[in-house]
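One line per chain: the protein sequences are A and B, in this order.
Reminder that position 15 of the first sequence reads as 16 in the working numbering, one-by-one numbering, no gaps.
Reminder that position 169 of the second sequence reads as 170 in the working numbering, one-by-one numbering, no gaps.
Think of the hints as simulated: they come from the structure by calculation, not from any bench.
What you were told as hints is all true, and nothing was included just to trick you.
Reference excerpt, derived from the structure (chain A facing chain B, CB under 7 Å, subset only): (1) Gly49; (2) Gly50; (3) Val53; (4) Lys54; (5) Gln57; (6) Val60; (7) Asn75; (8) Val79; (9) Ala82; (10) Ala83.
Residues of chain A placed beyond 12 Å of chain B at every Cβ, according to the derived structure: (11) Val66; (12) Ala104; (13) His114.
Glycine included, each C-beta is placed from N, C-alpha and C at the ideal position.
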Amino acid sequence: MIIAIPTDNNVFETDVSASFGRAPYYLIYDTETKESTFVDNSAAMMAGGAGVKAAQLVVDSKAEVLLTPRCGENAADVILAANIRMHKTLHKTAGENIEAFLAGELPHLDEIHAGHHGQGER
Amino acid sequence: MRVAVLSGKGGTGKTLVTVNLAAVAAPSVYVDCDVEEPNGHLFFKPGQVQEEPVTVLIPHVDPAACTGCRKCVEFCNFNALAYASGKLIVFDDICHSCGGCVLVCPEGALSEKDKAIGCVQRGTADRVEVYTGILNTGEATGIPIIHRLLEQSSLEEPLHSDSEQQPRRADGEATFIDCPPGSACIVMESIKDADYCILVAEPTIFGMHNLRMVHELVTLFEKPFGVVLNKCLEGENPSEVYCVERGIKILSRIPFDHELGALNSDAKIVANESDVYRDAFRTLLETVKEEVGHEAAAHS
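Using the sequences plus the hints, can you model the full thing?
Here you go:
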């Protein structure tokens with residue numbers, strides 16, 4: 002199973018990023034090989050539509066599960082269209098959250114916020 | 002004569018100045034380009050209001066024709082398109098209607114469809130034609146509405162006429178454009194065809210910084226302009242100092258006055274309620290006409 006997590010840094014000890022769409026990196030973790038790879042989020046500094054672009058990166062990583070503290074509605078539309086399950090992170094680091102998820106301790110992410118789109122312009 | 006009224010921030014008195022100028026200049030045209038929060042109609046309370054929707058084009062995908070090449074997804078600078086599980090997803094509210102995705106699609110799977118983003122209203126009140134642009138909440142940009150407003154207000158045909166559109170009315174009839182606050186694209190669109198710009202400024206350091214923003218904008222657009230100092234009090238006025246130091250024409254000084262504030266917040270047109278303010282706005286109108294006349298003479 003492949004797990005994606007928005008992160009602050011590109012090392013395994015990293016903290017989970019507070020934002021999904023504007024996280025600088027995504028950790029892509031393969032539970033079978035226990036391999037971690039990091040994807041740069043090219044959308045992090047974009048003026049708008051970061052959530053959609055970031056979700057596209059996660060979809061393209063072939064992730065089946067997304068662990069994130071929060072997610073906007075546009076990003077969620079893409080994630081859910083790809084049948085990726087979303088669970089809410091409860092711990093500080095990416096590693097702790099992966100362990101908790103595998104132990105069945107992370108709840109489904111049900112709250113989808115309205116997003117911040119349109120706020121970078123005018 | 003088309004006069005645009007602008008300021009670097011909201012609440013400086015753009016609508017006060019624009020509404021009252023249009024009122025003392027009647028017959029005239031008032032155009033509310035502050036499409037995110039139009040409020041000029043609250044003062045005029047126009048009757049016989051006609052409304053016309055404003056639409057933009059957004060992409061429409063034919064799933065049978067889409068092969069998933071993702072050229073459109075890569076092309077879109079606003080990330081309004083995504084491709085997941087063999088399906089192209091279009092985010093209407095992020096799309097900026099550039100039409101690029103339709104052009105780059107090699108399969109002809111994308112076409113364009115109309116999407117309503119707001120409307121233009123036209124009504125009349127005491128010999129003032131009142132145009133109001135309204136942008137629906139959450140839309141990316143009000144520019145298409147402003148474009149339509151300025152186009153409509155410069156024609157003399159009614160909104161729903163099918164006849165050929167003719168250039169507007171006699172030269173004497175002036176148009177006053179109430180701009181959105183700030184100096185972004187929507188303001189540029191609003192002042193684009195103006196013959197003259199009035200910058201409204203508050204007597205504070207913050208007000209002076211906001212005046213500088215719009216001063217830079219009208220300079221960039223090479224528009225003739227002058228400043229109305231609003232909410233003037235005794236003592237130092239940083240916006241006035243800014244004008245004096247740069248030789249900028251001060252068109253009028255409106256005092257920080259309780260009576261004016263009370264009438265205005267009651268949605269009254271002060272020039273219709275008070276002799277003092279009727280005279281003040283008539284004088285301002287004459288000053289603006291003179292300035293526009295000088296400009297016309299200088300460029301003829």
